[in-house]
Structure formats: C-alpha cells, structure tokens
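Chemist: So the chains spell out like this:
Protein chains: 2
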Amino acid sequence: MHEWEEQLRALLSDKRVFTEIADRYSYSFDASFGEHLPEVVVQPKTTEEVQAIMKIANRFTLAVTPRGQGTCLSGGPLPVHGGILLDMAQWPGEINVFADDLIAVVTPSVLTADIHAAAEDAGLMYPPDPSSAHVSTIGGNLAENSGGPRGLKYGVTKDFVIGLEIVTPEGEVMHTGGRTIKNVTGYDLTKLLVGSEGTLGVITKATLKLVPKPPAKQTMMAAFTDMATAGKAISKTLTSGVLPAKMEFMDRACIEAVERYRPSGLPTASEALLLIEFDGHPETVKLEAEQVKKILESLEADPVITAGSEEEAQKLWSARKLVSPAIATIKPTKISEDATVPRSRIPEMMERLKQIKEKYQVELVVFGHIGDGNLHPDIMCDQRDEEEMIRAEKAVAEIFRAALDLGGTLSGEHGIGTMKAPFMEQEMGEVGVAMLKRIKEAWDPNNIMNPGKIFAEKGQKLVLRDG
Amino acid sequence: MHEWEEQLRALLSDKRVFTEIADRYSYSFDASFGEHLPEVVVQPKTTEEVQAIMKIANRFTLAVTPRGQGTCLSGGPLPVHGGILLDMAQWPGEINVFADDLIAVVTPSVLTADIHAAAEDAGLMYPPDPSSAHVSTIGGNLAENSGGPRGLKYGVTKDFVIGLEIVTPEGEVMHTGGRTIKNVTGYDLTKLLVGSEGTLGVITKATLKLVPKPPAKQTMMAAFTDMATAGKAISKTLTSGVLPAKMEFMDRACIEAVERYRPSGLPTASEALLLIEFDGHPETVKLEAEQVKKILESLEADPVITAGSEEEAQKLWSARKLVSPAIATIKPTKISEDATVPRSRIPEMMERLKQIKEKYQVELVVFGHIGDGNLHPDIMCDQRDEEEMIRAEKAVAEIFRAALDLGGTLSGEHGIGTMKAPFMEQEMGEVGVAMLKRIKEAWDPNNIMNPGKIFAEKGQKLVLRDG
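Keeping their order, the protein sequence lines are chains L and S.
For the first sequence, the residue numbers in the UniProt record's numbering are 1 to 467.
For the second sequence, the residue numbers in the UniProt record's numbering are 1 to 467.
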C-alpha cells in the first residue's frame, strides 16, 4: 500500500477511502467527454478532513479533483491527472435560510433545487437555475459559475455568492466575503473562486444572496418565419424598458425534434421559437406581457400565445424542456456547447452556425438563453463513427471561432474545463492566459488542485474521439 | 535631471510631465486623510503611453499611483510612496453606448454622471450612483468598486462591468471579459480588478452593462421614534416581496443638523428617518408604494409621506442630499466611514454606535444606505485638536470592531486604502491576507503599482493626526 493511501485510510477510515477499480470507475466520467480513473476516491465530511487531505496531497504531489454529482458539461470533475478524487457529494447537507438578512448558508453537497425550495419556503428566491438543478450540487454550480434561463434578469451563480469557506490548495482554511451584500475589503476572492473550476481551492461552505420571491409569472410563446426578424424582436423587447426573467430560443431543428418526440402542435414551419417568462407584481407582469406582445406582433410573429393559466404555462415550457430528450433521439452522442455573443450579433451567429452545419454536414441544433446571447449549439453525432467525429471536432472549433469573431466568448456558462482549454489563448491572448497562470501558480505551487483544466497542456488539441 | 525624468519627458513631452512643487502639490491629497507628494505627475492619453510609463517605472523601481478626480474617501489616489502620479483625468473622454447590446464602452476619464446621461439618452440606465457621480471619474469608481443608494436593488459598480482593458504592472496590455453578459472563460479577472484599488494594473477602458431605464419612480419618507422599530420596518419591507431601488437612513443628529442648516419642517424629534424610492412600471411602483406604506404605518411610523409629484420627491430627497453640507457645519474635519453589517444586525449596530459616541464623546452622526446594511457613521471633529483626534481614532477602531463583531465588514463601498489597511487581518484573517498578497506579488513583482494601499506596512496603525 502506498504511504499516501495509508495516511488517507488513517484519516478517513476504510469506509471513506476507495481504491477498487469498480469504485473508482464510477468517478471517471462526467456529462462531457473523456474517461479518467482516479487513483483513489475519498469522501470527506468536514473542513478539517479536506485540509488534511490537501496536506497529504501536497506531501506526495498527488492531483486532487473535487466532484459533486458529475453533471458538468466541460470536464470539471474529471481526474485527468489521476490522483485523489474528492467526492464532495457525501458531505452532510445543510441549508440555513436567514430570511431577515436575505441570505442562505449552504454546504457544498446540497442540490441546487433544494436551495430553491428552502428559499421559497421563506418567501424568497435563489435565482440561478441551471437545467441540472435537480441533480447538480451547489458545490459544482459554484466551481463552474452555472447559469440558467433566469440569468437574463437576475444574473448567474456568481452574482448570488457573497461569502465562501475555502480550503486552499495547501490545506489552509480561508473565509472570503461575509454575510453583507456590500463588501469592498481587499480583492474580491469570492468572485475569483466562483467559476475557477476547482483549480484554486475546495469550497466547503457558501453564503448565498436571496431575493424576494416575485409574486406572479406570465409565459408567452412566439414563432417567427426567419431568424433575422426573431433577432429584431429580441433587441426591440430588451430595449423597450421591459426585462423578462427568461427569454429562451429553439431553432427549427429543435422544434421538429420535439414535435416528433412528443407531438403537441408546435409550429414546425417556423425558423425560430421564443419562450418568454415575465415575473414580478401581478399587475406589472400583465402590462409587460401586453407590451411585449405588441412588439412581437408588429414584427409578424405568428402565433403569439399567452398562457392563460399555470397549467398552460407549464405546457408551453414543456416544449423547451423536451429539447434535450428529443434531440437525443437524433444520434446517441451530444456535444453541448455554450458559445455566447453580444445580443446584437445573434442573427449573425445563427447565420454562421447554419454555414457550419452545411460545411461539415453535422446534425447541429440550436437552442438556449437567447436573451443574453447565450446559445447552445449542440452537435448530435455518434462516437463510434470516427469520420463523423472528426467533422464534429472541426465544426466545434469553428463555432468557437465564430463566437470570438463576433465579439463573443468561448463559454457563457459551462466553463472551460478540458475541452476548451486549447482555445483559451484565442480569447484571452497570451498576456491574459499568462496572468491567469500567475494566480494559479501563486496559490497552488505544486499544481495539484484539479490540474488539466482551464490551462491547456503542451500541444493539447480538441479531441472528442478517445471516449 | 533623473534618468527616469528624461525618459518620461521624451515620451510625453514637457507639456505632460510635471515636477514643480506647485504642480505636484495639487496631486498630494484626496477626500480622505494624509498628504503625500509625488515625485512627478504625468498625463498619459493613450494605452501605449501607460505601457511605456509602467516599463520606465519598473526599470527604476518607481511607485505608480493612478488618479482620477481625487474624490476617494479611503486614500486610493494618494502617492504614499512618492514616485509617479498618473493623472488619468486628462485622458480623452469617450462614451459609446451600444443600445442593442445594452452596453457602454467608456474611457477612464469620463465622469460617472456623464455615463448616466448618455445611457438615459438611449432609454437605458447605468445604475451605480455614488454621491460623487458628478465629480468622480469612472476610472476611480472602477478602482474602488463604488456603491451608491441604488445598490440596494441594482448592485454596485462591479455588478455592471463586463470587460476591461488593463495595462499590467509590468506594462503589458490585457483584455478581460468582453461584450457578452455571460462569460465563464477562465478566472474572472474583471471582477478581480474592479475594486483592487489600482494595485493590480491601470484601467484604460471599460465595457459597462446597462439596464432598461425604469419608466417610473416613487419616493416615500417615514419617521420613527426609536431605532429598533425602524430596523423592523426595514426587515419587514425587504421580506415582503418588494425591493425598493433605494432605502436611505438619517439618524436624529443628521435630521437636526439638516433642519438647522436649512429648515424645512423635518421631524426633529424622530430617532430615524427612512427615505425610500421605488422604481419600475408606473402601476407596480404605485402598488408597491401602497404595500410598503401599510407596513410602515403598522409599525407606527409617523409621519409617512408619499411624494405627489417629481417636485415633492426632489424636496424629500434634498434632506438626504443636505446631510454632508449640514454636518460639515458641526466641525471642520469629517471622518467618513462605511462599515456594513448584515441587515438583521442594523439595530444592534446602531446601539453600538450610540455607545461609542458616548464613550469617546465624539460628534458621531449616522446616515447611509441602510437597506443593504451599509451605514455611514461619520465623526465630525477638528484636526487641529489633537486630543479630540486621538478620541476619534479610538472611536473609528471601535466602529470597525463593532461591524466585524456583528458579522459585517470594514468597508461596504469606500475601499481599504491607507486608513483601514491595519484592520484587514481582523476581517480576513492571516491566511486571507496572505492569499491576497500572493496575487499582488505574482502580478507586480517590483511592488510599484499603487503601493501602500490595502496591505498594511510593517507596524502601521490608524493615525488621523499627521494631516
């Protein structure tokens, strides 16, 4: 037995240290690409245990990769350098809502949906709503700075984190931020750590900001026969003084896939479907919906449907929710992207995506959070078909290029992880990447904290083929 | 002539390099405490010039301190290590609003109020509204992460910055973030730099996020006979589902000072005055105001006044705006603090402030952005009275202690600068300060970028007396 394994077993007992291949295998993948076996899986339950693990890892220069529920779309929890897999999902779940302070203090293992429920019980709301909320942990959301449809009005995970308890790569405990909404004491380590993809420390506790729960909602669906007009509708709505909570989009390929998967009378001849949700005071929601309806109709959206009840709203949203299962029937392998562009460039980006689809003959569908320019161009393919995967790789690289050409970004909400690391310099430039690395090296001199993420390894290229 | 001076003059010509004491003197102070003469003042107008200056500064290990209009309340633009004063206010002012993208691209020298105006012209709003907006530059706001009353609903400067052009301490150009609302590409350098008080680089351009301009506003004033009830009113309002744009507070000493300064019938027998502004859709604003009025009246606020017109609203707000000139008549020297506590601890903080006022016999007045727990306890004193200044120093230290005891922070919006540096470790702990320093050292190996701020010098203590 390795000396480090002895030390881990002494710390956590045999019950929370796993070295059998069968146990390790279930920690070797996430919802993105690639399989990487950790050398050992450990299940810490206290901050002190994480500290001790980090000290052992430094002593033996072992990589440490924290993992929540493994729903990540960019490879965050993949132990690409082997080493220690930190299974954070076994941590005792705790959600404490302090209604008077409009905050919640949570442990990393709780599911995001449980935070939503606890906030609602107090008449409050935790806005970030990644699609995976029912299965993903807040720890993972914090590491990746998850978004979601409500990002349009409310912002993303980072905008709702005001304090963290962190174990540094060298095993020290640090508290960043606090329980106040405003804080300008020193550099903003909270916002540096949220979205750092587990490369700067292990999050062991978080203080989240809550908002009053909006008393009413209204849902609207609008279909367009061409993308340029849909783009105008988005711009015109967002500059009209109304800020919807959500503004989601489905392209024709998505509409058709959903309608094939579960027929419900969607307008399959349309090029673009917008799903909009307003929230706030009942009177306002009604007025805002009317105002936007006029804008949509003036741009010849047809039909424009306003939900008359919560049930009807659910029915409209089900079209959007069925996108993922519906497109999964096209082909077995999904490459899920999240290139994001300035709102005014959405129609151009859609045009570029159309060209890429034709050029590489790939099954490219587009949906996503279009109100903030955050598209999800997904390529449906089959990993067993190598020739197709090569075309898919080229298409993905060109999607990134298109987003950057239009003043956009590689990733709006999924993170860089393993897959996008080779493209970082294209967006941030050599100086930008060098300045990021300086922070990483200063905080993690032995490079043991989730190595292989964000920063490309020498000569690393996008490869989707090795499974 | 020093070699570095020759090099600076060769770069900028004699017209933009100043070494005469009369010229340097006007750059030796800001709106906080202390006077520090720079060795030279330079006025760069391009990013390339800033790069060249930083390279000269590194070559000769000269401190570089960027300065906007010098309205800082924590010493950010004070050249405490002499060296080069970078007068950024001469930079050509440019504000480009891209309405379809809901963004504005600005140069560091523009006044924040001019950004407000440009956004409004496009039917949009730039929410951060520090009281100094009419005289402070956006560059200074960015360096200090300025707040303001609208922070309650909208957040602070950092929440509205999505991209920066930066000259690093070693003179390289770097672009962080971009023009998209969502961006999770690498560590969030944008939010690390905003609020870093000029210690990590020079901001030469910024991309700001704008929001739709709310079509209506409503102002309300409420007076309370005791602070505990006012505290309840704040909590109850903020958990009622209504989020006002502003919720400002004045204590009895402020009310009396303003009423003495310009009599307008303020309720001088009250312990607490709340000024609330709602914004949004006209119907909503009306309904929200009615709902909050009921809450205030149920807690026996008396009177509760709702402005019937824009003119009446202005009149109510003038009480809050007159606080600074009014309290300036109490004594000539103002120590302006911004300790911030979790909202639920506001009444306790008020009680602690009362005790501090009595214990040290200082003229302590309290006002501020109470909706987010961000108080401004200001001590009015006379710098020529050494004995009084010693009491004031002790009172300030105890205000910091009280804020931290109650789970709060040293600074909600003014920054750490020179004055609060000695207290940093009390809030962030030894590990926290050490991790901040690692970033600073990694980015600025020669420690030339605004040294003497945030990090306490060896043995540094709070001293308000040396002028």
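For the record, the hints were derived by calculation from the structure and aren't laboratory data.
Only a predicted model underlies this, so the values are computations on that prediction, with no experimental measurement involved.
Hints should not be assumed to be uniformly reliable.
Distance condition first, Cα-Cα at most 27 Å in a straight line; then the derived DSSO-like pairs of lysine-lysine [unchecked claim]:
| no. | chain 1 | residue 1 | chain 2 | residue 2 |
| --- | --- | --- | --- | --- |
| 1 | S | Lys55 | L | Lys213 |
| 2 | S | Lys153 | L | Lys286 |
| 3 | S | Lys293 | L | Lys209 |
| 4 | L | Lys236 | S | Lys153 |
| 5 | S | Lys294 | L | Lys236 |
| 6 | S | Lys293 | L | Lys236 |
| 7 | L | Lys209 | S | Lys236 |
| 8 | L | Lys294 | L | Lys357 |
| 9 | S | Lys286 | L | Lys286 |
| 10 | L | Lys209 | S | Lys458 |
| 11 | S | Lys153 | S | Lys359 |
A short list of chain S residues far from chain L (calculated; beta carbon distances all over 12 Å) [claimed, not checked]:
| no. | residue |
| --- | --- |
| 12 | Thr61 |
| 13 | Phe98 |
| 14 | Asp100 |
| 15 | Asp159 |
| 16 | Met174 |
| 17 | His175 |
| 18 | Leu193 |
| 19 | Val211 |
| 20 | Glu283 |
| 21 | Leu322 |
| 22 | Lys331 |
| 23 | Asp338 |
| 24 | Gln383 |
| 25 | Arg401 |
| 26 | Leu404 |
| 27 | Gly408 |
Now the stretches of chain S that chain L is said to cover, found in silico as 3 or more residues with beta-carbon under 8 Å [to be verified]:
| no. | stretch |
| --- | --- |
| 28 | 49-55 |
| 29 | 143-151 |
| 30 | 250-263 |
C-beta atoms are modelled at their ideal positions from N, C-alpha and C, and glycine is treated no differently.
Chemist: Work down the list of hints and note, for each, if the structure agrees.
Modeler: Cross-check of the supplied hints:
1. For the hint pairing lysine 55(S) with lysine 213(L), the CA-to-CA distance comes to about 52 Å; that exceeds 27 Å, so the pair is violated.
2. Proposed proximity of lysine 153(S) and lysine 286(L) is supported: the alpha carbons are some 22 Å apart, at most 27 Å.
3. Between the alpha carbons of lysine 293(S) and lysine 209(L) the distance comes to roughly 26 Å, so the proposed pair stays at or under 27 Å and holds.
4. Restraint check for lysine 236(L) and lysine 153(S): the C-alpha separation of about 24 Å stays at or below 27 Å, so the hint holds.
5. Restraint check for lysine 294(S) and lysine 236(L): the C-alpha separation of about 37 Å exceeds 27 Å, so the hint is violated.
6. The hinted pair formed by lysine 293(S) and lysine 236(L) fails the criterion: a straight-line CA distance of about 35 Å is larger than 27 Å.
7. Restraint check for lysine 209(L) and lysine 236(S): the C-alpha separation of about 17 Å stays at or below 27 Å, so the hint holds.
8. A C-alpha spacing of about 34 Å is found between lysine 294(L) and lysine 357(L), which places the hinted pair above 27 Å, so the restraint is violated.
9. For the suggested pair lysine 286(S) and lysine 286(L), the alpha carbons sit about 15 Å apart, so the restraint of at most 27 Å is met.
10. Note on lysine 209(L) and lysine 458(S): the hinted pairing is violated, with a Cα-Cα distance of about 36 Å set against a maximum of 27 Å.
11. About 36 Å separates the Cα atoms of lysine 153(S) and lysine 359(S), which puts this hinted pair outside 27 Å; it is violated.
12. For threonine 61(S), the requirement that its beta carbon stay farther than 12 Å from each beta carbon of chain L is met, with the minimum near 20 Å.
13. Not every CB of chain L lies more than 12 Å from the CB of phenylalanine 98(S), the least distance being 7 Å, so the non-interface label is violated.
14. Distance to chain L contradicts aspartate 100(S) as a non-interface residue, since its nearest Cβ pair spans about 4 Å, not more than 12 Å.
15. The Cβ of aspartate 159(S) does not lie farther than 12 Å from every Cβ of chain L; its closest approach is about 7 Å, which violates its non-interface assignment.
16. Not every C-beta of chain L lies more than 12 Å from that of methionine 174(S), the closest at about 5 Å, which undercuts listing it as non-interface.
17. Not every beta carbon of chain L lies more than 12 Å from that of histidine 175(S), the smallest distance being close to 7 Å; the non-interface claim is violated.
18. Listed as outside the interface, leucine 193(S) is inconsistent with that label: its C-beta sits roughly 9 Å from the nearest C-beta of chain L, within the 12 Å cut-off.
19. With a minimum CB-CB distance of about 7 Å to chain L, valine 211(S) fails to clear the 12 Å threshold, and the non-interface call is violated.
20. The Cβ of glutamate 283(S) sits about 5 Å from the closest Cβ of chain L, inside the 12 Å cut-off, so the non-interface label is violated.
21. Distance to chain L confirms leucine 322(S) as a non-interface residue, since its nearest Cβ pair spans about 24 Å, more than 12 Å.
22. Look at lysine 331(S): its CB is around 27 Å from the nearest CB on chain L, clear of 12 Å, so calling it non-interface holds up.
23. Against chain L, the non-interface label of aspartate 338(S) is violated: not every CB pair exceeds 12 Å, the least being about 8 Å.
24. Against the 12 Å criterion, glutamine 383(S) stays outside the reach of chain L, whose nearest CB is about 26 Å from its own CB.
25. Separation of arginine 401(S) from chain L is adequate, the least Cβ-Cβ distance of about 14 Å exceeding the 12 Å criterion.
26. Residue placement check: leucine 404(S) does not keep its beta carbon more than 12 Å from all beta carbons of chain L (closest about 9 Å).
27. With 12 Å as the threshold on Cβ separation, the claim that glycine 408(S) sits away from chain L is violated: the shortest Cβ distance comes to roughly 5 Å.
28. Given a C-beta distance limit of less than 8 Å, the hint that chain L covers the stretch 49-55 of chain S is violated, as 0 residues qualify and 3 are needed.
29. Counting residues of the stretch 143-151 of chain S whose beta carbon lies closer than 8 Å to any beta carbon of chain L gives 4, which meets the minimum of three for the stated coverage.
30. With 0 residues carrying a beta carbon less than 8 Å from a beta carbon of chain L, the stretch 250-263 of chain S misses the three-residue requirement, and the given coverage is violated.
The structure shown violates the earlier hints numbered 1, 5, 6, 8, 10, 11, 13, 14, 15, 16, 17, 18, 19, 20, 23, 26, 27, 28, 30.
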